[in-house]
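**Student:** One-letter residues, chain by chain:
2 protein chains.
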Amino acid sequence: MTVHDKILTSFHRSTVFDPKIVHRPAGDAPTYFAAGAEIYAQGEKCGGLYTVEFGAVRVYRLLADGRRQISAFHLAGEMFGFETDVTHHFFAEALCATGIRIQRTTLLHGDLAGALLPMALQSLVRAQEHLLVLGRQNATERVAAFLLDMSDRQGGLRTIELPMARADIGDYLGLSIETVSRVFSRLRQKDVIRLPNLRGVEIVKRQALEDLAA
Amino acid sequence: MTVHDKILTSFHRSTVFDPKIVHRPAGDAPTYFAAGAEIYAQGEKCGGLYTVEFGAVRVYRLLADGRRQISAFHLAGEMFGFETDVTHHFFAEALCATGIRIQRTTLLHGDLAGALLPMALQSLVRAQEHLLVLGRQNATERVAAFLLDMSDRQGGLRTIELPMARADIGDYLGLSIETVSRVFSRLRQKDVIRLPNLRGVEIVKRQALEDLAA
DNA sequence: CGGCAATTTGAAGGCGCTCAAAAGTAGTGG
DNA sequence: CCACTACTTTTGAGCGCCTTCAAATTGCCG
Numbered sequence: 001m002t003v004h005d006k007i008l009t010s011f012h013r014s015t016v017f018d019p020k021i022v023h024r025p026a027g028d029a030p031t032y033f034a035a036g037a038e039i040y041a042q043g044e045k046c047g048g049l050y051t052v053e054f055g056a057v058r059v060y061r062l063l064a065d066g067r068r069q070i071s072a073f074h075l076a077g078e079m080f081g082f083e084t085d086v087t088h089h090f091f092a093e094a095l096c097a098t099g100i101r102i103q104r105t106t107l108l109h110g111d112l113a114g115a116l117l118p119m120a121l122q123s124l125v126r127a128q129e130h131l132l133v134l135g136r137q138n139a140t141e142r143v144a145a146f147l148l149d150m151s152d153r154q155g156g157l158r159t160i161e162l163p164m165a166r167a168d169i170g171d172y173l174g175l176s177i178e179t180v181s182r183v184f185s186r187l188r189q190k191d192v193i194r195l196p197n198l199r200g201v202e203i204v205k206r207q208a209l210e211d212l213a214a
Numbered sequence: 001m002t003v004h005d006k007i008l009t010s011f012h013r014s015t016v017f018d019p020k021i022v023h024r025p026a027g028d029a030p031t032y033f034a035a036g037a038e039i040y041a042q043g044e045k046c047g048g049l050y051t052v053e054f055g056a057v058r059v060y061r062l063l064a065d066g067r068r069q070i071s072a073f074h075l076a077g078e079m080f081g082f083e084t085d086v087t088h089h090f091f092a093e094a095l096c097a098t099g100i101r102i103q104r105t106t107l108l109h110g111d112l113a114g115a116l117l118p119m120a121l122q123s124l125v126r127a128q129e130h131l132l133v134l135g136r137q138n139a140t141e142r143v144a145a146f147l148l149d150m151s152d153r154q155g156g157l158r159t160i161e162l163p164m165a166r167a168d169i170g171d172y173l174g175l176s177i178e179t180v181s182r183v184f185s186r187l188r189q190k191d192v193i194r195l196p197n198l199r200g201v202e203i204v205k206r207q208a209l210e211d212l213a214a
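These protein sequences, in sequence, are chains A and B.
1 is the number of the first residue of the first sequence in UniProt numbering; add one for each residue after it.
1 is the number of the first residue of the second sequence in UniProt numbering; add one for each residue after it.
Hints are computed from structural coordinates only; laboratory data are not their basis.
Take these hints with a grain of salt, some might be off.
Since the list gives no way to pick out one identical chain from another, each pair is judged satisfied if it fits inside one copy or across any two copies.
[Said to hold, decoys possible] Lysine to aspartate or glutamate pairs mimicking DMTMM-like chemistry, simulated, CA-CA at most 25 Å apart:
#1 Lys205 with Asp65
#2 Lys205 with Asp152
#3 Lys190 with Asp65
#4 Lys45 with Glu141
#5 Lys190 with Glu44
#6 Lys45 with Asp211
Please construct the entire structure, taking both the sequences and the accompanying hints into account.
**Tutor:** Structural data, given as structure tokens:
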């Protein structure tokens with residue numbers, strides 16, 4: 001039992017689980033999840049690998065006292081669910097209406113592993129870059145890096161629709177929701193971004209964001 | 001070019017490079033590095049995978065202004081150097097006298113990849129657990145988790161010899177060296193640990209550390 | 001329009017950082 | 001062996017960024 005497993009032994013879910021699953025077919029066909037629906041939970045047996053067909057996913061861990069760290073968001077086309085153990089060490093939930101293709105991979109070696117290694121390494125690099133953000137950047141830098149990352153992963157669009165709430169962004173960036181909101185407001189005041197909807201973000205001055213992210 | 005690559009374009013090494021390499025044979029034989037010696041640098045062409053035979057290694061990234069984030073320490077028996085690109089995105093340096101076995105892997109698929117996937121996933125899980133520490137734990141919790149991790153990875157020994165300086169611990173945990181030192185002192189005052197040497201740590205009350213790490 | 005949740009904004013306080021200096025450690029050479 | 005130097009670690013004081021607590025505002029959906 002590792003340090004972090006120990007941390008989580010006393011965990012209990014804070015809200016009652018409501019699956020909200022519209023349709024879960026057998027085999028490799030996509031499964032549909034409503035916003036907030038659980039895809040898998042810590043301690044569950046690993047079911048394989050997951051590919052986001054549409055929508056978005058948050059993957060996170062919890063501390064015993066309820067503090068949450070979202071280790072990654074996964075958007076359409078991305079793969080997640082890599083684990084070293086037979087049971088999940090993380091929770092995965094849909095951020096919005098989401099379609100997931102589940103590949104049941106009992107054997108993780110041979111040619112299949114050869115195809116998976118690049119995907120796993122992609123996740124590793126993302127996690128390592130996120131370590132730099134969490135370890136050494138201030139609130140403004142974190143939010144700027146986050147917005148640029150989200151934009152890049154949606155094709156570098158000028159206007160993006162965030163699939164997650166402020167609370168999710170905070171738990172991803174290691175900040176309180178109030179601080180996230182304050183940074184958004186400050187960026188809006190400086191005309192670096194515009195906030196047309198609650199979830200929409202228009203990047204007005206990309207260069208300014210990039211300067212801030214450093 | 002990603003956000004983080006951009007961040008690092010203006011990077012320059014802060015100290016003059018002194019290889020201090022005693023012996024670097026060809027092929028798969030181990031290479032020896034003195035304390036502080038560079039194993040590879042950001043931007044260099046990837047040479048393959050690296051296995052620590054003895055000693056210890058730090059892998060890190062830098063921001064343009066010199067802030068450093070150590071993404072991982074690697075001890076004897078551990079493998080590192082996984083990259084998605086043809087060039088390194090990180091720096092790797094020996095923390096002390098260290099022997100490294102370099103496997104030159106031109107093809108990262110097939111059975112070889114099958115053997116590598118578990119190692120890569122191990123790195124991924126470590127990075128994700130570290131995200132929880134950096135994102136959601138305070139200074140005391142971070143140091144406690146670090147000490148337990150170091151102890152566990154050295155066989156759960158009661159007394160361990162840290163191969164790294166306070167500055168390295170700080171850059172790993174996202175803290176200043178002063179804060180790391182203060183937490184060490186506080187743990188010593190509470191008789192949770194003892195500090196026989198500058199680098200030595202004796203874990204007197206493991207349970208207390210585990211309670212703190214949560 | 002009314003009600004609920006999410007977001008925003010404000011005020012006060014705390015944790016960790018920066019700056020600074022003292023104490024301890026190691027390495028070198030006389 | 002000891003003196004000298006350079007570096008690391010420790011300790012102190014003050015400050016600033018972010019958090020917490022609280023309340024106002026906005027947005028959304030019936």
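**Student:** Could you run down the list of hints and mark each one as holding or not?
**Tutor:** Hint check:
1. Lys205 with Asp65: between (39 Å within a copy, 22 Å between copies)
2. Lys205 with Asp152: This pair counts as within: shortest intra-copy Cα distance 15 Å, inter-copy 48 Å.
3. Lys190 with Asp65: So Lys190 and Asp65 pass the 25 Å test across copies only (24 Å; inside, 37 Å).
4. Lys45 with Glu141: neither (37 Å within a copy, 29 Å between copies)
5. Lys190 with Glu44: neither (46 Å within a copy, 39 Å between copies)
6. Lys45 with Asp211: neither (44 Å within a copy, 27 Å between copies)
Checked against the numbered hints above, the structure breaks hints 4, 5, 6 and satisfies the rest.
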